[in-house]
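So you can see what is in the structure, the chains are spelled out below.
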Amino acid sequence: MKKFFLTPALILFALALVVTGCKQDEDQPTLPPAVANEPEVITTLTLSFTDANNVQPDVAATFRDPDGDGGGGPDVFDNIELVANTTYNVAVTLLNETESPAEDVTVEILEENAEHLFCFVADGGSNITVTRTDTDGTFEVGLQSQWVTGAASTGNIVVTLKHQPDGLKDGTCTPGETDIEVDFPLIIN
Amino acid sequence: MQVFLARFSAVILGIFLTASSLFAQRACTASLYGKTVDDHNGEPLSYSVISIAGTDKGAVTDENGAYRIEGICPGTYKVVCTHIGCDTLILRLKITGATRKDFFPEHHAEMLDDVSIVGRIPDAQSSRSETTLTEQELEESKGKTLGDLVKAVSGVTTINNGSSIAKPVIHGMHSNRVLILNNGVRQEGQQWGNEHGPEIDPFIADQLTVVKGANSVRYGTDAIAGVILVNPRPLRDSAGIGGEVNLVGFSNGRQGVVSAMVDGNFARVPALSWRAQGTFKRGGNVHAPTYFLDNSGIREYNFSLAGGYRTRKAGVEIFYSQFNTDIGIFTGAHIGNLTDLQRAFEAEEPLLPADFSYEIGRPYQRIEHELFKTEGYLRTGLLGKMTLTYARQYNLRLEYDKDEPRNDSIAALNRPELQFEITTHTANLAWEHYRRHGFKGTIGIAGIHQGNTYAGRYFIPNFLKSVAGIFITENWKLDSSRLELEAGARFDYVDQQAFRWENNVIVSPEFSYQNISWNVGAIYSLTDQLKVRFNAGSAWRPPGINELFSDGLHHGAAAVEIGDENLDPERSTSFSLSGEYQTERLQLNVDGYHHHFSNFVYLVPVLPPTLTIRGAFPTLHYKQLRAGLTGADFTLRWRITDRVNWTSKASMLRARNLDTEEFLVQMPADRFENTFEYRFKDGKFWRNGYISGTVLGVLRQWRVPPNSDFAPPPAGYTLLGLQLGFDVPVGQQAITCGVGMSNLLNASYRDYLNRFRYYTNEMGRNISFRLTVPFAILRPKTKSQLSPLPSKSISHLTQ
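Note that the protein sequences, when read in sequence, are chains X and F. If you read the first sequence in the working numbering, its first letter stands for residue 1, the second for the next number, and so on. If you read the second sequence in the working numbering, its first letter stands for residue 190, the second for the next number, and so on.
Bound conformation, chain X alone (with noise of 0.2 Å):
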């Protein structure tokens, strides 16, 4: 009867022993992480505008926060100047620049498109006009778009990366999680 005590008893100790030199921690707080930033961002969004007739110069327009979101401020902030009455292709290039050689975002946004989507929206006083080019298959994705300056004026754009994991995407910017949005001062001469 007494042995039926001890035995249980003694199996928790071994076992208390056993599991408190369990868990070890990494006890180095002098040595933090040398990347010390999010594990992928987006960095810097570029615009890069080409005359569809080849007559206007080329234009890029570009916001880049270096650190990512917090932190320092945009260091490149651009607005966006086109010229009046021309037919534009605008490709968007996406990179994150915390990583050295910068990491061209674009490539996995391409091989993810059906998950993706971009929204060029401009306030009233903006006479342009925006259509997307590209097409995962079945919706838009706006990597590609062609935008139509009609007379001049001033105005704003938002550029908007919607992400729309799941089956989400159906072709409208409402449903998704926002990844980027900048609102480019839009100045048409």
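No wet-lab data here; the hints were simulated from the structure. Don't take each hint at face value.
The calculated SDA-like cross-link candidates involving lysine to any residue, where the alpha carbons are at most 20 Å apart (straight line), are [stated by the list, open to error]:
| # | chain 1 | residue 1 | chain 2 | residue 2 |
| --- | --- | --- | --- | --- |
| 1 | F | Lys591 | X | Glu111 |
| 2 | F | Lys591 | X | Gly167 |
| 3 | F | Lys267 | F | Gln922 |
In this text the structure is predicted, and so the values were computed from the model without any measurement.
Mind docking chain F on chain X? Use the hints.
Chain F only, in chain X's frame:
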């Protein structure tokens, strides 16, 4: 004279108790027996009175110090041991079968010097408001989070992130301002974060006490708003092996909880006791009244082991516990930017429809907490007792974002986007001296060493923290006086060093703080029923590492939070005044308090907003200001008849920024709760049966600073709840059954302190079923063999 008086009063009481116990119910067959022994010299104490509060049962110890009380209905009771010239001992005890309990009253030191004192001297009381959850409150909250448990105390509420993460809020303060003592050890994890719940298995708690008001003198910095004491069941001190199994099921989330405990004590080696305990919990998506919340499930498994070798002179206890959980974070609360937040807020229902599932996907949190504690005590002659405690805690927190990395090879690693690991060593040495010339107190030293490392996204840096403290508390009470006084002081030295990269160079700024906390208090008994408590004190805490260094977009808060390395320590000066009126049928507590803060650390919105590639986010800076928090808590318990009880609780708080005369954000709204309970007559198959209905009313929190929030505070709400409970006697044990219903009317509502209130309604109706089955593997012999003398438990013998 003294001896004669002791005998006389004991005999009278004994006759009275014996007479009344003749009318005890026959069905109640449990018994309580044991010895009372002088704590100082181990001599048996005759003429001690043992009584069971709330019943007419009691006994007086014989010349060998032995007593025996028969005919007790199985259950949990408050047992009181009084002996002339000793502090009264009160403890809660579960009595099933033949239960042994020995008492070790401490003679006041004067008594040992043969100084004659006549009268009964109560144990030291606290001049603060201390509330211990009742057995019934603990029972009804089984299976819930620790935060939800302590909500039963008026003046305590929670700050939530959905349904699974609940942080206790005392008088409007939380995180770095509330200290949780898990088994006597400061709980150290990532408690600075609003979305980081306490890493404790609530089933460990046999006793849960909330101390409202600063208690930094005893427990160290950070205990500015209050302390939550989570005490496990004391190690078994009667021979045998027994335990209990708890089963809880919740309809909402289809959650199931199994928790079991086994403890034992050796008949042959009565000093040796052990206990093992474990909990497993699994729940799926919870349901708001009209929709499921995607990815809101939880998985948890915890266990603890304890052992002790305790004799009257000295003893040692070892405790080990592990807490492991995966908590799904409602996907609808994960947003990319403010446009998404606005859209989610305006939508009637979450934009992502969901069904029921037990699966936990991204985003989720994985948390592990490990505690190893060892404690030893040694009696230092007739003067007092020395206790040495060492504990090591390891806390790992992994947070997985909603989306995997876009890069497939990185995604394949499935690493958390945010990882913290924190290891804490704490050591305490305290010497408690017995009452002498009216004084009873403790003097001690405490030390902490802590290291934090992170991986993934930067939010707080790596750091090392060291703390050293020394304290003294004294309580004064003469037997004849209605006044009891207490005072304490503490000095702490805190050193924090952070390590982080700045322009490719490691910088390691170091911060040292030293400061004093103090506290004075008085308890005055105007009559035997009416007591007034007053407490005044000053406490401080060093700025938290997040307040110094956080720098970045806080996804949970949709804001950029920026720390300030130049923050000064925060200091509070607090006053509390409580009145307590207690008769046999009525208990009324009113606690008024005021906290005045200098250098109150507070997130202040600063212009301009931070522009990111996702759009603009509000910028919040950690600043310091003067703050005033004034409030009152109210509790009434009234046994209207023998069958009908009424419990009423209310809490009110006004919290102001004294620099701008604006209100402070995120403060709990006024709450009112009323419970009516009907207790059934014991039947053949059930005992202690009751049914109760609760109405909880929470007002709208309109006291907020202007333009401080993405959305206005939600409307107030009223919720109905129902509880049913009874014991089924089986042999000498009793199985406890219960059914609970919360949000009975399935009301759609949002709570101001739930950070998911922008995205979803609170949980809908939830029905819970509880079953507690005690068991005995080896019973002690029913004949009271009192020769071997088990020792007293280290923890919470006295309340």
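Hints and how they fare:
no. : hint                : result
1   : F:Lys591 - X:Glu111 : holds (19 Å)
2   : F:Lys591 - X:Gly167 : holds (15 Å)
3   : F:Lys267 - F:Gln922 : holds (18 Å)
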